[in-house]
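Given next are the chains, with one letter for each unit.
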Amino acid sequence: MEQFFQQLLNGLAVGGIYALIALGYTMVYGVMKLINFAHGDIFTIGAYLGLTLLVSCNIAAVLPPTAAVLVIFLMVALLAALVGYLLERVAYRPLRNAGRLSAVVSALGASIFLQNGVMLIYGARFYVYPDFLRPDFTVHLLGLAVPGVRLLIIFASVVLMVALSAFIQRTRTGAAIRAVAVDPGAAQLMGINVDRIISLVFLIGPGLGGAAGLMVGIYYGQIDFTMGWSYGLKALTAAILGGIGNIPGAMLGGLMLGIIEALAAGYVSMAWKDAIAFLVLIFILIIRPTGILGERTAEKL
Amino acid sequence: MTLLCLNDVSKIFGGLIAINDLSFNVEEGSIVGLIGPNGAGKTTVFNCITGNYTPETGSIFFDSKPIAGLPPHRIVELGIARTFQTIRLFGRLPVLENVLAGRHCRMKAGILSCMLHTAPQRREEREAVARCMEELRFVGLADNYSEPAGGLSYGNQRLLEIARALASDPRLIILDEPAGGMNDQETAALVDTIRHIRNRGITVLLIEHDMRLVMKICEKLIVLEHGAMIAQGKPEDVRRNPDVIEAYLGADDAQW
Amino acid sequence: MKLQDLRTPISVGLAIVLLVLPLVCNAYWLDVCVSIGLYALLALSLNVILGQAGIFHMGHAAFFAVGAYTTAVLNTLYHWPVLWTMPLAGVAAALFAMAVARPIIHLRGDYLLIVTIGIVEIVRIALLNDVAGLTGGSNGIFGIARPTLFGFRISKGVQFYYLVWCMVGVSLLLFRCLWQSRFGRALNYIKEDDIAAEGCGVNVTRYKLAAFVLGAFWAGMAGTVYAAKMTTIAPESFNFMESVIIFAVVILSGGSQLGVLISAFLFIGLPELLREFHDARMLIFGFAMMAMMVWRPQGLLPPLRRRYRVAENSSSQGVSPKDVWNDSAVSE
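Residue numbers (our numbering), protein chains in the order written: chain A, 312 to 612; chain B, -8 to 247; chain C, 1065 to 1396.
By construction, these hints were calculated from the structure, which means they are not laboratory data. If you're wondering where the values come from, they're calculated on a predicted model, not measured in any experiment. Don't take each hint at face value.
What the hints assert, rightly or not - For the chain B half of the interface with chain C, some residues (derived, Cβ under 10 Å), not all of them:
1) P28
2) N29
3) L91
4) C96
5) S159
Said to hold, decoys possible - Only pairs whose alpha carbons sit at most 30 Å apart, straight line, appear in this in silico DSS-like list of lysine-lysine:
6) C:K1220 - B:K99
7) C:K1255 - A:K344
8) B:K207 - B:K225
9) B:K99 - B:K225
10) B:K99 - B:K56
11) B:K207 - B:K99
Claimed, not checked - Non-contacting residues of chain A with respect to chain C, defined by C-beta distances greater than 12 Å in every case (computed):
12) Y403
13) M430
14) G454
Cβ atoms here follow ideal geometry from the backbone N, Cα and C, with glycine treated the same way.
For reference, chain A alone in the conformation it holds in the complex (with noise of 0.2 Å):
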């Protein structure tokens, strides 16, 4: 019993963080109907930023623990947030009118172009992320020991996840936001700024997803330049199982696919843990053809 729920916190972890990336994913579907395959490489980079900033910058001996941490949270998401409006104006905007695929497949030269730009500037060895700012106290929860690092990632992926949805739900401009993601012709006639929207949009997503990348490096304490493609594989893998273009649905995705994967590699095998996660996937799109909270659009003869 024991191990279930540690696994199941674990699970957790990874499903928040996934979430957070699954919501960049979804957040451009919304609103442009494009997978940003790209997406996972903005994700290192901002593991890649964070530790940067944490080596070279030296913040940590400057600041406090806590208040570095939060300003290095703020730099990696803005300077990842800015990769990806660059991003969407080199390889998206020019083919905003082109069919579906030709921009799938300018977003995925844009992956292999982040991945191997992020080699070039690094290297292809792994790197280890400085430990010090690793919070390395025990919870003790209910009987269980738990690591306080896998706790403050739960509640640093949950903090996100609710501004997130309170700015969607709550602010003229997340209105906006959804009205784009229904239907941008319709949206532009009401006075929407559908450019605009959309680089908010690619501003926002690479900013969470920058931000999970230095919350990788945190958590595992080690990174390297290709993690982008598993990690986005598996976060695009979450904002589909929710139903993508959903944001409730890419963040119950993400928890759902930590979860399962947390299980699986500690039930079932380690080996076939991801061919277990997409098992599932193909086994609920089977049952609920949109994901699990994506609407099923009938559509009208």
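With chain A held as given, fit chains B and C onto it using these hints.
Quick look at chains B and C alone, frame taken from chain A:
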């Protein structure tokens, strides 16, 4: 002889009853109009007949065979062809290929003969092209056969949909607002075309808002309101029916 | 100058170049050309699914893998001659495609895309984990024999070159015929509007499945050639990235067969040309992928219109329905 027979057909969308215990017959060789105010469930009836929807209750017989719940392509094979209210042509494909789509189900070449262009396959293909050109001539679009379908005028697109439906050798053709978006001249020509279709021995069932057209060509009208039939019979009887006048009053009775 | 107008000269030029290439090419570039031929085979078969039928399929490497492993297992364990395994590799891939595609074929667009990616990953992981004890785990299978054709052993680069490109040539012909037929049209109808296609009498599910199965059959046969050429195969040769490349080749091609060939040359040849840039090679490659799509969003060469021999009816102008159909029973 009754060609199409609906028996207590109901269709429910998430608690909303779109069609309620509807029954009617369509006699072979007739032109029947299905009319009613907007939202009365006319197109839903069509979609149940063509297999796009499966009715919750009731049965539909075509030539005495039950067809409710069959997939649309099977129903086309059995001899019911349709046009769509919102025109659904293959806009980027040429006009002729749109008509060939209707012919598809009457062709037999399998994947191997298609890859090898066997002699029977080529003959079948020639025959299909000839037949489809005839249908294009029938609706007056033969000269446009190589143009992309999306470039045709609205009225011609409706005619092309009819040609596509006719190419499948239907015994019953279902037209969903065939005059929608047509001008008076085009509508007049359409009346002729619909009569010619019937004269080929094809039964016609149509939804139309243009009451002059409906009154002119239909031999029988079925009036729907809120998914239920409120009247049926000859046009002149139906137009005098108090329930029908009631249903239409205030809506667009000016059209009568 | 429009690329469209240059189709014929480009085709003829390409054919001649391909024929004489082995005479002027060194062994290294010949090898690259064999790879290009293999990718062309894979992309031509994916084009049926993705280009013709418009099904978002990013998992073609899975079918390629099933074919290659079928050949490898049959050859190394049961000592079947390699080329004899080719039809079986195709059939195995086709059966596999049938089994996996049947439950998911109704999924729309991007949902299908991710599921097909999932299938590639599941296949790769299954191979890595030495499923059924046949696939050799992460080391893969080695010692696959060279193929023999009429007693003639194919082992040199040149021989593989002609084997692969002959297959490409035959595939070009067969797929072209398929395109110009009711089958090819049905796939196009589905791509344009699947509801309208079904409503016209096209069995959409059956044709989608047929496209999958046919594409998989071809990918399986390409797998045989790959296994025979490499003599060693491992799971990592069939990862998601392979699928991505095949997918990108098809999208960049624009959908025509000539486009697929040119696109295959660009995608497989370009990284080789960029060898001198060493580490920056894939960076430039990724950038080129973006640039090419931005430059030609519709792809290199969209397919031409099909040609039909339409009997010119002398009285085709302004024919009224009465002239065409005998209708004695005009009611008016």
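Verification of the hints:
no.	hint	verdict
1	P28	violated, 25 Å
2	N29	violated, 22 Å
3	L91	holds, 6 Å
4	C96	holds, 3 Å
5	S159	holds, 5 Å
6	C:K1220 - B:K99	violated, 44 Å
7	C:K1255 - A:K344	holds, 18 Å
8	B:K207 - B:K225	holds, 11 Å
9	B:K99 - B:K225	violated, 42 Å
10	B:K99 - B:K56	holds, 23 Å
11	B:K207 - B:K99	violated, 40 Å
12	Y403	violated, 9 Å
13	M430	violated, 7 Å
14	G454	holds, 36 Å
Violated hints, listed in ascending order, are 1, 2, 6, 9, 11, 12, 13; each of the other numbered hints is respected by the structure.
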